[in-house]
Amino acid sequence: MTPDELRKIANRIRRRDLQAVYEAGAGHIGGEMSVTDLLTALYFEIMSVDPDAPLDPKRDRLVLSKGHTALALYVTLSEKGFIPKDEVSTFLKHNSRLNGHPNRVKVPGVETNTGPLGHGLPIGVGMAKAAKLNGDAWRTFVITGDGEMQEGSNWEAIMAAAQFKLDNLTLIIDHNRLQQGARLADTNNLAPLAPKLEAFGWAVEEIDGHDMEQICRALSPETVTTGKPKCIVAHTNKGQGISFMSDNVAWHHKVPNDEQYKQAMAELEEAE
Amino acid sequence: MMSTPFKDAKLHDCRVSFVETLEVLAEANTDIVAVCNDSVGSSKLGDFKERFPERLINVGIAEQNMVGVGAGLANGGKIPFVCAAAPFLTGRALEQIKADVAYSETNVKLVGISSGLAYGDLGPTHHSIEDFAWIRALPNVAVVAPADRIETAAVIKWAAAYEGGCFLRLSRVGVPDLLPEDHVFELGKANQLRDGSDLTIIANGVLTHRAVEASALLEDRGISARVLNMASVRPIDEAAILSAARETGAILTCEEHTTFGGLGSAVAEVVVESHPVPMKRLGVPGVFAHTGSANALLDDFGMASDAIADSAAELVKRKA
Ligand SMILES: Cc1ncc(C[n+]2csc(CCOP(=O)(O)OP(=O)(O)O)c2C)c(N)n1
Ligand SMILES: [Mg+2]
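Protein chains in written order, with our numbering: chain A, 1 to 272; chain L, 1 to 320.
Isolated chain L, as found in the complex:
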């Protein structure tokens, strides 16, 4: 039986692999700098600060200034990783992201820490469940949400080498390893984690392992579910989505984001225009969350692995 593939798996905080990778890159490339907003601790930049004190630029509690400073540093040839709690980075500095990063096409790496529901009981002001919608509406900024420690490291390596703006959506909620250690991130490419023929579950970030778990539960129930890890939300892997629509005939999306404008919407945009099939989008259903830990909230919003499996089974019934 495969039903609980991650039952005893070790869980990792992806912030650790983010900073470890950043330090290795910064050692080799002196242009790499980190910019933050009194968030040295929450971004886990303490070691970076010790190793490269002059390259840790803490502007204080001032996110608009932080992103503007990042754009200026990029103009001066630096490769800024602008790190802050995702809600304040994206929500507070959205116009700086639009005008100074996207429109000005600057080489700024926006690192949203503790995104999604990670801040749990701190409440909706601290949840970042609108950021896919906000940032993917902007041209010129890649939007990427890695699923585990390994993909996080791969994404950071990719971002440092990539010429252009990007928003990297990290969490602090522990997740098991999913991808092979030698994984290389490619922008705009999904990874198929399990093959299947009855439907496809598309997820990213902290939802990906729950999707894999749901697929295992579905196997026990005689339903064959393909699982795609869709870290790259913009650009999105249209080919993988279209193959999923054609070959499996139904698509379920799961995201730690409002169902308005996020991953599910991005997938639906491709599906409706090219190959309509039944779809169901799981996420936060357009409300400010009640009080609870991140994992409890995901469960409450129908994204426990068995609930995802139930939604998938319902969806399969809707296939013509």
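The following block holds chain A by itself, in its conformation from the complex:
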């Protein structure tokens, strides 16, 4: 797909996500807006996945380790055809399979049940190691939040991935500089992330996480360094695309009121 087509899909996902948060009265809209372009590029350009065979052993794997932004994944999966589009309106409803964090047992296309931060990367290491053992070519992608990188389990996995030379593993850090209650800089600052990953033996690339060309290039197989796992530090904005949410810590899981909803939707439509 062309970057323009991808941008259109990402815009549609943002609008559907916003509507679902507004209607459900809950969600993690800031982190959903920041991760949407990454999900769009993965599902509509990079990954080989088939909605008709969601468990195909040769599929590429994506683990959304920042599971609180499940809604962005649900909308993406619905756009891709893994779940019906109108099912998104059941988000968080009584007995819906779309709860606040993704469930692989119930939702096709979800690889593992995330929600507690710091689980996705170790699982990604296991997936990538399995592909190596099998001699398979499929790739593993893990998306973490930047606050999430404060969990020690990530750094255990980072060491293991380098030791195992997992060049079929890509970690994408959604680096929006904000966590739940404050900026990373005011909590436990990990920036700059790139030299830390490099020191652990990873190949690292920094990109604008909202620029489709840059995202696609960084994710393409040609940019893999043989023998090294890859980390993409994606510089993003929490609340990207909606002016009053952008880079504002208040919007980690706030819900827009009627007026804010209208304005947010108008801004996204304008950008379409």
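By construction, these hints were calculated from the structure, which means they are not laboratory data.
Since the structure is predicted, the reported quantities are computational estimates derived from the model, not experimental observations.
Please note that a few of the clues may not be correct.
[Stated by the list, open to error] Simulated restraints, written as ranges between beta carbons of each label pair:
1) L:104 x A:53: 50 to 58 angstroms
2) L:47 x A:93: 29 to 37 angstroms
3) L:77 x A:269: 55 to 63 angstroms
4) L:104 x A:95: 40 to 48 angstroms
5) L:274 x A:53: 53 to 61 angstroms
6) A:93 x L:183: 35 to 43 angstroms
7) A:51 x L:192: 53 to 61 angstroms
Glycine residues also receive a C-beta, built at the ideal position from the N, C-alpha and C atoms.
Given the structure of chain A, go ahead and fit chain L with the ligands onto it with the hints provided.
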């Protein structure tokens, strides 16, 4: 008619009384510190942070580190209240709780926020319905689940004065007042909220008021149900359980926890060894919950007040 004693009662979020009490205690005792994991908002520690900025220790999203830091602070003479969403505090840092708090006998107060099913539709990763079982399996850590705003304040006061580790299981789900304003918490002591002779309902946390409501419904049906609020799960009030078994001949437990290893199991351990009587344990029946709000899930798992009353009536029929 007494059937719905809390129909118009005001509901309180016990986190508010937790932080209000903690701030009063921290004002008087400069050794009190709060430790958290990017959870200033969800633990309602914003005011505490403003009043005692250097005594609010936010380690970031790193629960194992958080509990270890708490143990170190205790070693240095501080009284740490380690506050985090209950599933991550207990599940993620369980070995730190075992080795650094229980085994090392450190004076760490573990405050599990939004425990049980409080996170409702966020799903099973965010439910904390295994924590009684996990923590009560450990020596040296008191396990306490207060039932209302008043008991929460009493428990926090007790914890600050108590020399030793404890796990305080708080919720965010609104509950009515149950205990008298001057209530003093005593570790290992149940409170009898209603007397009765046909059976005893034992509950704690957000289930206690539902148990009281069930007892009122049972009264309308001619069944006399004693209600015990069992905030202290470890140590547990064996004397109150044995009196209940002897005097009422049947025991129903209700908990916002899996039926594997929680309050019901703790009560059953006492009952089977000393005075076996028919029992029924209500709780989450060993499954990961479907999507729903906390209160909807409790209802779905047979713990609406009238469903508790139905279970009680069934249980009474089983008495010899
Ligand atoms: C183990 C664990 N601790 C705490 C939380 C609560 N929590 C949910 S989201 C969040 C902040 C995440 O920040 P970040 O990783 O930067 O994500 P983003 O900014 O993309 O939303 C926290 C602390 C959790 N889900 N899991
Ligand atoms: Mg972030």
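Earlier hints that do not hold, by number
none
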